[in-house]
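Let's have the full structure, built from the sequences with the hints guiding it.
Chains as they are written, first to last, in our numbering: chain R, 14 to 95; chain D, 14 to 95; chain Z, 282 to 505; chain Y, 1173 to 1905.
Don't take every hint at face value.
[As the list claims (entries may be wrong)] Restraint-style ranges between C-beta atoms, simulated for each label pair: (1) Y/G1896 x R/V93: 46 to 52 Å; (2) Z/E437 x D/T89: 41 to 47 Å; (3) Y/D1787 x Z/I399: 40 to 46 Å.
[What the hints assert, rightly or not] Capping the alpha-carbon separation at 25 Å, the derived lysine to any residue pairs in SDA-like fashion look like this: (4) Y/K1899 x R/L42; (5) Y/K1583 x Z/N486; (6) Z/K390 x Y/G1896.
Hint data in this document are derived by calculation from the structure and do not stem from the laboratory. Virtual Cβ for every residue (Gly too), placed ideally from N, Cα, C.
So you can see what is in the structure, the chains are spelled out below.
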Amino acid sequence: MLIAKVYITLKKGILDPQGKAVKGALHSLGYEEVKEVRVGKYIELTFEDGDLSLLKDKVDEMCKRILTNPIIEDYTFEIVEG
Amino acid sequence: MLIAKVYITLKKGILDPQGKAVKGALHSLGYEEVKEVRVGKYIELTFEDGDLSLLKDKVDEMCKRILTNPIIEDYTFEIVEG
Amino acid sequence: MKFAVIVFPGSNCDVDCYYAVKDGLGEEVEYVWHQEKNLSKYDVIMLPGGFSYGDYLRAGAIARFSPVMEAVREEAEKGKFIIGICNGFQILTEAGLLPGALRKNEGLKFICKTVSIIVENDETPFTTRLKKGQEILLPIAHGEGNYYVDDKTLKELKENNQIVFRYKENINGSVERIAGVINKKGNVLGMMPHPERAYDSLLGNTDGLYILGSIVDNFVKGGV
Amino acid sequence: MNKIWRELGLTDEEYEKIISILGREPNITELGMYSVMWSEHCSYKNSKPLLKYLPTKGERVIQGPGENAGVLDIGDNLAVVMKIESHNHPSAIEPYQGAATGVGGIIRDIFTMGARPIALLDSLRFGIPDDKRTKYLIENVVAGIADYGNCIGIPTVGGDTYFEESYKGNPLVNAMCVGIVEKDKIKKGIAKGIGNPVMVVGATTGRDGIGGASFASQELSEESEEKRPSVQVGDPFMEKLLLEACLELFETDAVVAIQDMGAAGLTSSSCEMASRGGVGMEIDLDKVPLREEGMTPYEIMLSESQERMLVVVKKGKEEDVQKIFKKWGLNAATIGKITDDGMIRVIKDGKIVAEVPAKSLTEDAPQYVREEEVPKWQEEVKKLDINEVKPPEDMNKVLKDVISSLNIASKEWIYSQYDYMVRTDTVITPGMDAAVVRIKGTRKAIALTTDCNGRYCYLDPYIGSQIAVAEAARNLCMVGAKPIGVTDCLNFGNPEKKEIYWQLKNSIFGIAKACETFQIPVVSGNVSLYNENEGEAIYPTPVIGMAGLIEDVSKICTMDFKKERDVIIILGENKGEIGGSEYLKVCFGMVKGQPPQIDLEKEKRLQELVLKLIDEGLINSSHDISEGGFAAALVESAISGKKGAKISLQTSLRADIELFSESQSRALITVSPEKVDEVLKIAYEHQVPAQKVGVVEGKDIVIDVNGKRIIDLPLEVLEESWRGRIKWEMERN
Ligand SMILES: Nc1ncnc2c1ncn2[C@@H]1O[C@H](COP(=O)(O)OP(=O)(O)O)[C@@H](O)[C@H]1O
Ligand SMILES: [Mg+2]
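In structure tokens, the structure reads:
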């Protein structure tokens, strides 16, 4: 089994109100040392075993086509054995 | 600068409607090889430099107290230099 | 003239659109299931509000791959009037038929209320019953209506006069309070406020008919 | 099995009873089935003997309590379907999902009956939001309700919200749903036809919420954390598909019976349908679409996975059903059949894994008549010497404090998160006395409200409960609707305690008395007991959901002031009752005294009067006088009409009491000057006292009492405190 772990964040420079809210909550609980918070998405895709480099291209395609909106989001991913 | 990367997923056995819908969409786009999809959250916390092991405990505490909902979510995190 | 109201799994303002056209405009209207591949018999296509596919992942992200969206694209190219309201707007941006993207509201909460909208462009086929600068009241009901475009695209939007509506006040964090935009060609409109919920005096507001009525006026005149 | 029944919440006697029914020891699956079906949540074992006192009959009643929801005839071959349900315990543990699945559950109860759901309401009780946990609960309960209702596209048009210390550890989340059905298309959960197939449609079955029903029937404590069943997650998108698919299915003639799978899932839906029809049912668990591997019969039978329905269809129609559900992307699997022996027989891997008489799970559930006792504190708490409460100097400040108290302040922070307009039928939106939803294609509309002042019920459950009914009916009349039916949600503490049982009993008697007097039948309801935290019970809170009928939607009335110089009239009599009032709580921190008394006959006359005045188009606004008294009602009408008022009162009461007394059976109306005489005449004929007290005027609220200026404040100032309070409270640290 192979698992693709996709990390999606808002593009740099795009205001992240969720991150701001979480930061506010952390500060109000005394965690003042947190300088910045960004909230994004984490998606796990599970595959049967297969060719890793082919799979990489596939996952990249999925990210581009549907998993993210390139206007506002960036992504990275890694594929691990599960 | 240190960055804590927190990965939050729904606990096993908890229904993941988002994952289900995304899987359906991927299948209808022809990505039938995707066996399972789980959608979770990805949070990045930025800190000034500091003691790593102390920070670990802090982040763990934050995860427990506000970043996650322990009733339905699991989490892992790692801390990297940013 | 005949309106199509597209029904995606999870659409829920399909009913609102249907009755606004039927009772508000007195025009012909049909529901069209998202599996339909041919829209050529309709004159106006409405993409209604709601939560297509639960709005899971991102609002509109999954619906834009519905078979019907190919047909919507074809009709758009032919110059037919297409209006996406709320979730319909989100689907049109995800499909690339309109520029920009809609993010979670700045306040992170769903907002349902009636707000003031300023008309920015009165020359589109959707706004000829209005005057530039005119203030109208329209209901909003959305959790992800926070419009985003990058600076470059924003400049283009302005140059081409593509910003059609703005909120009078900052409601949800949208760039420059943008509430609705049109494509370059001027036949595909997307907006977060709900004109189709303001068609009946019993509901206390008929301002939506300015917009829906404009479509009818301009169609009679022969379209774009 | 080491007294395992105890862990499942069954007593030793109950276990003995199971053995005597079966003539043997039950296996674990069977024991699980009994434990959930005999829980308070499913069996009403502590409340049933009392519930029979509620009046349930009436000309319009098509279906009273006993089915998934109540049904009332409204003419033109149409019927209203209504039901309320609690999701208190799940919401206390996981507020977002708990509230969301509460909404999902009540919606299913409505479309199970064949009806199209047209409106939701939510009745909420929280602690005071001055700590993080309470804010977290409020924030997430509201978001859970909002996200579910908004996504599925049913407008949330009303509700009520109170904040009291007593709900701190045990918030109340009651959701009500209302639907419309053509009379000849009503569906029921009565299984019939030996050999007919039984199908499960909708979502797959997982391990969520196993034992939820018995969980809901215990007090919350530290240990609840561990006993907690795995949390159910709502999927409103799935339910939207299920709703549309079911309504499409009902257009065919395939359905014999249908029931949603709520608490106790497959167990309750199968045995309830079978026992209503006097038949048996055989279920093959290998055919149930599962979400997880290795599920045991116990788990499958008790799973509370959401968004599922059990359907009995006519033999040979299985494929028709499958076709419809496939179109909507949903499962539909035949899992069993109707049998003639009255048994629920469960099969797995070809073997019988459970076999019990259907009726033994439902009708044979134990019933308890508990002992009652007047609580010792009851006498003490009712004592109030008004002379010990000195009237404050600055009445402007008092007015501001009262109208911005959490219980009176605008609930816009809550309802603006709900899509209350979707379907474009909401003629009166939240913020008024009652919501009004029109029925397209007719002139009719339905008015809806939920009400209950738990503080009154705490001070006197019998009177407080009568007031809850009276206020709900009054709210409906204020918009011009004739009350036609009640659905009630009885939220109480642990009934095994004598004091709580006393509260429950007196409350039910109070509701019964009021409903009988007003001739409004109770057609459905829900009981939620064991609402306690660390041994402390909540205020008794019998929430009354009520529907009213408007024959001509063009004749409704709202509470906002409409025109300058309209004359302001108070209908009804101020008896100077300040016990249990918001004024006493806000200004003196006291929850004390006799709650306002209620004369149901007088109340009825007031309501009939207002209905007549609205019907004849004689008044421009109407608003009931409730919490915060005349002063609060005045300010609310002024704010929503954006017009001030000039008032001059002559009274023998103390000024503060004149303004803030919560005497019942009163309303504040405005009338065009030329119609005043006629209105007063009609009021006289109805034997309702009517007093001209002032005029709509300017942008200020000005009140003179016996010639002395007591209040003089810009409306703007009042509006800011009233509108902004809850938001402010929620956002401050
Ligand atoms: N939880 C809620 N959800 C939706 N609407 C609510 C809620 N709480 C209060 N409201 C609305 O706010 C208004 C005022 O409520 P309430 O003070 O209970 O009115 P009343 O005293 O007339 O019964 C009503 O229109 C009611 O429907
Ligand atoms: Mg009222």
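Right, here's what the structure says about each hint:
Here the CB-CB span from Y/G1896 to R/V93 is close to 51 Å, well matched to the stated 46 to 52 Å. The supplied range of 41 to 47 Å is met by Z/E437 and D/T89, whose beta-carbon atoms lie about 43 Å from each other. In this structure the supplied range 40 to 46 Å holds for Y/D1787 paired with Z/I399, their Cβ-Cβ distance being about 41 Å. Taking the CA atoms of Y/K1899 and R/L42, the gap is about 20 Å. The hint holds against a cut of 25 Å.
For the suggested pair Y/K1583 and Z/N486, the alpha carbons sit about 23 Å apart, so the restraint of at most 25 Å is met. With a CA separation close to 16 Å, the supplied pair Z/K390 and Y/G1896 stays within the 25 Å bound.
Violated hints: none; the structure is consistent with every hint.
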